[in-house]
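Chains as they are written, first to last, in numbering that gives the first Met the number 0: chain A, 0 to 125; chain B, 0 to 492.
Be aware that one or more of the hints could be misleading.
In silico DSS-like pairs for lysine-lysine, Cα to Cα no more than 25 Å straight-line [what the hints assert, rightly or not]:
#1 B:LYS99 with A:LYS43
#2 B:LYS23 with B:LYS117
#3 A:LYS43 with B:LYS109
#4 B:LYS91 with A:LYS57
#5 A:LYS20 with A:LYS94
#6 B:LYS23 with B:LYS130
On the chain A side, residues computed to face chain B include the following (Cβ under 8 Å) [claimed, not checked]:
#7 ILE41
#8 LEU46
#9 VAL55
#10 VAL75
Derived by calculation from the structure, the hints in this document are not laboratory data.
Don't be surprised by glycine CBs; every beta carbon is placed ideally from N, CA and C.
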Amino acid sequence: MAEAIQKKLKAEVEKYAQMQKDVSKSMSARQKLETQLAENNIVKEELDLLNSSNVVYKLIGPVLVKQDVDEAKATVAKRLEYINGEIQRYESVLKEMEKKSEQHREVLTSLQQEFQKAQGLAAGKV
Amino acid sequence: MAEKGQTNVEHLGGVVRLREQHEKVVKDCESRMQHWRKVSGDYEALTDRLQTLPDQLSYDIMVPFGPLAFMPGKLVHTNEITVLLGDNWFAKCSAKQAQKIVDHRMKYVKNELDDLSKTMKNFEARVGFAKDLETISASKGDYVDIREEVGNNDSALTKGKQRIAHKPNSKPKLDVVWDLKEEDEEDEGERGDGGSRKGVMTEEELWARLDELEKLEELQDEQDRLSDNADMNGEDTSSSSSEEEKEAEAAPPVNGLSLKPSWSSISDSKAPLSTDRKKDDEEEEDNCLPTIFFSHTVEPKKVRINTGKNTTLKFSERKEQKEHSKRKKKNGHNNGHCHHELHKITTPADIYRLFVDVKNGEPIPRKSILKSRSRENSVCSDTSESSAADFEERRMIGRSFSHDEHSDTSDGITEEDSPTTVPLQLPSRYEAFSGTVIEKDPMPSAVPHLTISPPALPTILERKQEEVAPDVSPPQQLPKRVSKFKAARLQQK
Chain A
0 MAEAIQKKLK AEVEKYAQMQ KDVSKSMSAR QKLETQLAEN NIVKEELDLL
50 NSSNVVYKLI GPVLVKQDVD EAKATVAKRL EYINGEIQRY ESVLKEMEKK
100 SEQHREVLTS LQQEFQKAQG LAAGKV
Chain B
0 MAEKGQTNVE HLGGVVRLRE QHEKVVKDCE SRMQHWRKVS GDYEALTDRL
50 QTLPDQLSYD IMVPFGPLAF MPGKLVHTNE ITVLLGDNWF AKCSAKQAQK
100 IVDHRMKYVK NELDDLSKTM KNFEARVGFA KDLETISASK GDYVDIREEV
150 GNNDSALTKG KQRIAHKPNS KPKLDVVWDL KEEDEEDEGE RGDGGSRKGV
200 MTEEELWARL DELEKLEELQ DEQDRLSDNA DMNGEDTSSS SSEEEKEAEA
250 APPVNGLSLK PSWSSISDSK APLSTDRKKD DEEEEDNCLP TIFFSHTVEP
300 KKVRINTGKN TTLKFSERKE QKEHSKRKKK NGHNNGHCHH ELHKITTPAD
350 IYRLFVDVKN GEPIPRKSIL KSRSRENSVC SDTSESSAAD FEERRMIGRS
400 FSHDEHSDTS DGITEEDSPT TVPLQLPSRY EAFSGTVIEK DPMPSAVPHL
450 TISPPALPTI LERKQEEVAP DVSPPQQLPK RVSKFKAARL QQK
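Pulled out of the complex, with its shape left as it was, chain A reads as follows (with noise of 0.2 Å):
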């Protein structure tokens, strides 16, 4: 009895490290998401400081690639609400996986408690 519900104990804590594995995953994620966010807002107030004399280029890999300054604040905007879209999805994401960490966690406690009194009881026959 008793080692049966250490088996399970076992098994339910592994779960627990599991989410707690994706939780932690799932906030370094948004996180980046954050600095990105903080960043593109950067970019766009820069952005519009400019005037459009001047030439805007993008960094993809090596190459500067000229860019129109219209284009880049469109491109600049739209990564924004992408970045703030992502965040969002991660928020919720985030809130699943904490509820689901508290059931687990009380499903842990409860069959700890279970497996001490079974541990008791075996101490006692014994």
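Based on these hints, arrange chain B on the given structure of chain A.
Coordinates of chain B only, in the frame set by chain A:
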């Protein structure tokens, strides 16, 4: 102390961790600030460069060629600057435009620096506080954590051995009272509310104590005034203390006493306490010995009433209280008796006027209102023989003592004065009772004892002598604290 030490250790651990965390944050802030400062420095250099660059069309420079070599070269297109906008976006701008961009970025960097410095300040403050806390917890340094245990007071109160600072000449008869109280509760075991009362009374006791102390002050003032007027300081105080004793004795419920119902009916545990205390307040003299002194007798009586139990001044005080209440009642509104005016007590002298013994058909002023010429005249309805006898004895004893101590002038006065019909005499000594007292009548008898503080009287009477129904006289006396003697004088005139 062990507990304290333990808690301190725990606190210390927690505080140390807190401090460490704070310090971490501070360090982090510091590093970031350094980074931003570097950036700011770079930008400033850049600004300078941008300003000087367009001065010439081209510059001869040593161009870095790899990490280790330089090559002589020329710097051309001095006004064309490719600016990195972020996220792999570039823009070609003139120097001035670049300058604008740089300024813009500088602003941003400055903002960041300011925020960081603020944060760092905050956390530095927190670190300092944590350090202080640490020193306090470790009980080192100059700071000492002052902690007071709360439970002591309660225990002291419940034990009844609380020592409270009283005014001089107002030693609290708390011990007595409290002991009596405890005895009360023991006696009242059958009542069932003793235990609960005790438990309930801790706070109530406190409040009652406060009230009593206040009244004590008032009484003390009254006493002083009376004593000054009467030139019988000793008597007054002694009598007051004697009264206090009596009251204290009366406080504990005496089984079989008619006053008992009044006591027991006082569901408010404050009542007995406060009454005790009031009488204590009134006569806070002699604490070591339970003594009874009457404020209006010439002779301060040291009456130690031992009713066979542990120095419980039970019965006699009750008796006296009853007498007083009855007298007072008599003074007040005598249950329809017509000698309302006669018994109207406005000055202490009135009380003595009321203490009239009827002997041979003639009202004879009594020397001492404590003393009852005839037991049947005794106010206390349930006069147990022993207690009454004891009471009488003690009063005699007290009288003898008092005679030794004080002059008999006041006695003489009391003797001379006619009973109820005599208008209020205001001798210089207020303890002189100018009339005889018919004890049996329901009289507000508590007045003489409690005259020292008229305001206190009513309440005491009301509380203690519910059955005796003190009413008019107390209220009368309550508002007329000042006018009482005036009225007496008026009456005299």
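* Asked: Which of the listed hints are broken here?
  -> Hint check: nothing fails, all pass.
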